[in-house]
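K.L.:
Here is how the chains run, residue by residue.
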Amino acid sequence: MKKYHLAATAIIIAILAAFPFLEPQVYYLSFMFSVFMYVILASSWNFIGGYAGYLSFGHAAFFGIGAFATAKIAAVFDLSPVLTILATIPAGAIAALVALIIGYPCLKIQGPYFAVVTLCFAFVVDLAVKNIEFLGGAEGIWMKIMDVPEKLSRSIMYEVMLLLMVVTLAVAWWLGRSRLGAGLRAIRSDEEVAETMAIPTAKIKIQAFILSAFFPGIAGGLFAYYLTYIHADVVFNISISILIVLMAMFGGGGTWLGPIIGAVILTVVNEGLSNFAQAEIARIIYGALFIVVTIFMPNGIIDFFRKKGSG
Amino acid sequence: MDAVLLTQSLISGIMMGMVYALLSVGFSLTWGVMHVIHISHAAFGLLGAYLAYSLLECFGVDPIISAAVSVPLLFLLACGVYQLLIRPITKAKEVIVASMILTFGLAIILENVMVLIWKADPRIMTPTYSSGALIVGPLYFQYPHLVGFGLSIVGITAIYLFLQKTYTGMAVRAAWQQPEAAQLYGVNLYRISMITFALAVSTAGAGGISLALLNSFEPHSHNLWLIYLFLVVIVGGVGNVVGTALAGLIIGVITGLSMALLPFQWVNLITFGLLMVFLIFRPHGLFKQGV
Amino acid sequence: MKRKRMKGFSLFMTIAVLCGLLLTVPAAAIGAGKPIVIGGSLPLTGEFAETGLWIERGMRYWAEEINAKGGLLGRQVEFKIYDDQSNVGKAVTFAEKAITVDKVDLLFGGYPGTAARAVMAVAEKHKMVYVSMGGHMKSFQQGYTYSFGAPPLMGEWWYEGFFQWLNSLPANQRPTRAAVYTINNPVGLSLQDCITRWTKYLNIKIVINEKYNSPLSDATSMIVKAKQMNCDILFSNGFFPDGVTTMKAAKALGYNPKAIVQGIGSVVPAWVKELGADGNYVFSGTVLHGMLNYPGNDKLNAYVKNKYKLGIYPLYFGFGYAWMQTLQQGVTGANSLDQTKIRDWLKTHKVNTIAGPMTFDKYGLPAPINFATQIINGKVELIWPKNVQTKQPVYPKPAWTK
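Chains as they are written, first to last, in numbering that gives the first Met the number 0: chain U, 0 to 310; chain E, 0 to 290; chain F, 0 to 401.
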C-alpha cells in the first residue's frame, strides 16, 4: 500500500479509536457501532459476492448464527462480560463451520440458483432456531447486562466492533491483492476459463465463503450482547440479507472500498432521514436514493468515480 | 393417516401453490429474459390487489372483473416504469445487480405510497363468495381458492400461448435465447423488453388479487410475497413458464402433504429444507431452462 | 488524472457524510417556557405500522388534553417520536438517541413486544422510567426496576377472563374437546400458559395442541383436523392475518365449534371492519375497554367517534393514552422529572387510568387484569366479570351466516 494511503488509513483508525475518549453521547457510540457492523457485513459478504460473483442472499444467517451461539454460550456457562465478548470468536467459528458444511454442495451451483439456495438456507436456519427450544425457540434469549456504567459498556462495544472492522477490512484489502483474490476474480469473470487455468475453483470458493461467514458471525455475537436480548426475527431477517447485498453493490462490489462506501452512506442516510417529520416521506426518499444512484451510477459508486477520473 | 385430511390438504395446497405460480410467472420471466431481478414485482401485485379492493368497496366490482381492469392498467404503468427506470440501467455491466438495487428502492416507494393512499390497516377482500365452498362428498373446494386457481390457470396459459403462438411472444423468446441474432433479424430489443416487463407486472396484478382473496394484506405484505416468488423460482427454474406452473403444483403438493402429515410447526422448515436439498442436487430447477 | 479522481471522490464522500451527520444532530430546544419532551420510537412504517400509529394517536390525544389544562408540572408536553421502521435494532438506538442526545425528560413505550424487551434493557441501563406494554412475563423477570407495564399486554393474563366466565357455566354446557393452535412467537407462547392450567381445571381435553410459524398461508388442514377430532372449542392463538385465515377457513369448511377464542388479532379495528359478520362471536380478552366504567373512557370514545368514526377506541389507542396517564401521575406525584423519584412514587402509590386503578409490584406489574370480550354484532363487548358486562355472551356459537 502506498505510504500516504497507509498513513491516511492509520490516522482515520486512530481518530475513530479516540472518539469514545471525547465522551460523546451514548447514542453516537451506538450509531457508529451499527455503522461499523454494516461495514463488516457488507465487506465480508463481498468476499464471496463481489470478488467471486456468487451473490449470497442469505448472509444474515451467519450473522444470526453468531448472535445465537454467543447468547447461548454466555447463558450456559454464565460468562463474565470479557468472556462473553471473547465468546463471539468461537461463535464466528461456528458460523464459518456452517458455511463450510453448506458451502461445499451449494458453491457448485452457479448464478441465480446460488442466490436462491442461500436465501432458502437463511429461512431454514431461521425456522430451525424458532423450533428448537435449546436455541431460544420462539422466545429468544436474554443476556446479562454488563455491570458497568452505560457509557463505558457502550465504549467497550464500540472499540471491539471497530477492531473487528479494521481486521475485516485488512483481510478484504489483502484479499484484493492476493492470489486467492485474483483467483476469485477469475471465477467471477468466467469460471470455466478459470478452471482451465488450473485454478482450484472449488477450494478457493469455499475459502472465500468461510471467510465471508466468520466475520459476520463475530459481529452477530457482538450485536446480541449490545441488544442484550436476541430473537430470531431480529437477526434472521431477509431485509438484512438483502440490505447487505445492496450495500456492497451500491458502493461497488469487487473492490474493498465499495462495501465501506455503500454501508456508510446507506446507514447514515437512513438514520438522517429519520429526523423528517413524516415517516412515509422519509422512506420514499430513501427508496428514491437507490433509484437515482443506480440510474446515474449503475455499476456502483466506486466504479462511477473511477470512470470519471480516467475520462 | 386420514384420507380425507390428506386429500383436503392436497387440494387447498395445490390451489394455493398455483396462486403463487401466477404471482411468480412474471418475476421468473423478467429474471430469465431481461436479467432483471424485479424486487418490486410483488409490490406491483399488491397494488393490483389494492385497486381491486377499492373497486370492490366503492363500487361493488367483483375482483375477477377488477383483474380484467387492473391488468391493462398495470401494463401501462409498467411500460412507463420501464422507459423511465429500467431501460437506463440495461446498459450496466451487471444488469442483474443494478436492477435489484433499483427495484428495491422502487418497492419501498410503492409500499409507502400505498400507505399514504390506503393507510397501514390490514385489508381483506370480501366478495360474496369469500368464505363459501363447493362441497363434493366429504371434500370442500373453497371458492376463493377456486377463483385464484382459475385465474392462475387462465393467466399462465395466456402467457404461455403468448410466448409460443404470437409473433411478439416468439420475438421475446428469440431475444432471450439469442439476443444478437434476434437483433440482426430486426427484433427491437427495447420494445421486446418493455413488453415483457409490462406483461410480467400485469400478471403480478392478477396474482396479487388472487393472493388477496385468500389472505389479508397490508402495504408491507409484498415483502412476504417476495418470499413466495423466490420459492417458485427455486423449483421452476428461472425464465421457465411451464416450469413455474409445475413449481406451483409441486410446492402445493409438498405443503399440502406436510400440513396433513407433520406437526404444523415443522411445515415451513421441512418445505424449505426439502427445497434446499432439492436445489443442491438439481440447481436449475426441475426443468430445463427455457421459455 | 489520479489526483482529480481522488479529489472528486473525496468531495463526494465528504458531502455525503456531512449531510448525514448534520441530519443526526438534534433539533434545538424551543425557547422560553421549555416544554417537557417525551421521547422514544414507534414502528411508524413497516410491518407493525398500523399498531404503532394507533399508539401514537392515543399518546397525542393525551398530550392535547393535558396541554389544554396547563400542561404537566406547568409545562407543555411534546413528543420526539422516531420511526424505528419495525426494526428492533433501530428501536434500541433511537431510545439511546432520545435519552442521550435529545436528553428527553421522559420515555414512552414502544411496540411490539420484542422491541419493548430490548428497550426495557436500555431504559434500565440509563435509569429511566419506561412505561410500556412490556414483553410478556419473561421480560418482567429480568430484574428491571424501571419498567412498568401500565397496563401491560400480558399474554399470560389474556384468557383469564374468558376461562373464569367458562367456569361460571354449568359443567354440562361447557365444551369438552379443545383444538389449540398457537403462533410460534413470544405472544403465542405466553397465551398457552393460561390454557394449560384452566383446561385441566375445567376438564377440557386438549385434543390438538400445535404451534405454527408465521406466515400462515392456509388453515385448511388445521380446521379439517379440528373438525375430524370433534373439537368443540377452537383456540386460535395468533395475530390478525392468521386469525383471519383461520376464521375464513372455518366458515368455508363448515366448522362451527361451540366457541372460538382468538388471541390478539380480534382487537384490531380491522377485524370488525373487514371480516364483518364472519368475525362475530369470537372470544378474546383485553386489559382495556371503552365500556369500562373508569373515568376517561367515555371521553376517549367520543373523541375517537368524532375523529375516526369508530364506535369505541381501539386497544392500542387506549394503551398509548393509559401509559401516558401513568407517567403523568408518576411525575405529578413525585413532583419532579427525576426518574428515580418517579419510579419510587409509582412503586408505592396507586395509579388511576382508563384501565382502572393499578398498584405495581416489585416487577413493575399491576395485579392481573383480565376482562373477557366477545364480538357481537360487529362490536367488541365485555362479557366478564359480570359487573362490567355490556352484553349477554352468545354461546354456543350460532351457525355461520351466508
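It should be emphasised that the hints constitute simulated quantities derived from the structure, not laboratory data.
Please read these numbers as outputs of a predicted model, since none were measured by experiment.
Don't take each hint at face value.
To be verified - Stretches of chain E that chain U covers, calculated by requiring three or more beta carbons in the stretch to come under 8 Å of a beta carbon on chain U:
no., region
1, 82-92
2, 99-110
3, 220-229
4, 262-270
As the list claims (entries may be wrong) - Calculated pairs, PhoX-like style, for lysine-lysine (alpha carbon to alpha carbon, straight line, at most 20 Å):
no., chain 1, residue 1, chain 2, residue 2
5, U, K143, F, K396
6, E, K118, F, K272
7, F, K396, F, K257
8, F, K272, F, K304
9, U, K150, F, K126
Positions of the beta carbon are idealized from the N, C-alpha and C atoms, including for glycine.
K.L.:
Would you mind marking each hint as holding or not holding in the structure?
P.N.:
Against the structure, the hints:
With 6 residues bearing a CB less than 8 Å from a CB of chain U, the region 82-92 of chain E meets the requirement of three and the coverage assertion stands. Under a criterion of three residues with beta carbons nearer than 8 Å to beta carbons of chain U, the stated coverage of the region 99-110 of chain E is upheld, 10 such residues being counted. Given as covered by chain U, the region 220-229 of chain E passes the check, having 4 residues with a CB less than 8 Å from a CB of that chain where 3 are the minimum. Beta-carbon proximity to chain U at under 8 Å applies to 4 residues in the region 262-270 of chain E; the threshold of 3 is reached and the given coverage holds.
For the proposed pair K143(U) and K396(F), the alpha carbon gap of about 48 Å is over 20 Å, so the pair is violated. Distance hint between K118(E) and K272(F) is fulfilled; the C-alpha atoms sit about 14 Å from each other, no more than 20 Å. A threshold of 20 Å between alpha carbons decides the hint, and for K396(F) with K257(F) the separation of about 5 Å falls inside it, so the pair holds. Between K272(F) and K304(F) the CA atoms are separated by roughly 14 Å; this keeps the pair inside 20 Å, and the hint holds.
Distance check on the hinted pair: K150(U) and K126(F) sit about 13 Å apart at the alpha-carbon level, within 20 Å; holds.
The earlier numbered hint that this structure contradicts is number 5, and it is the only one.
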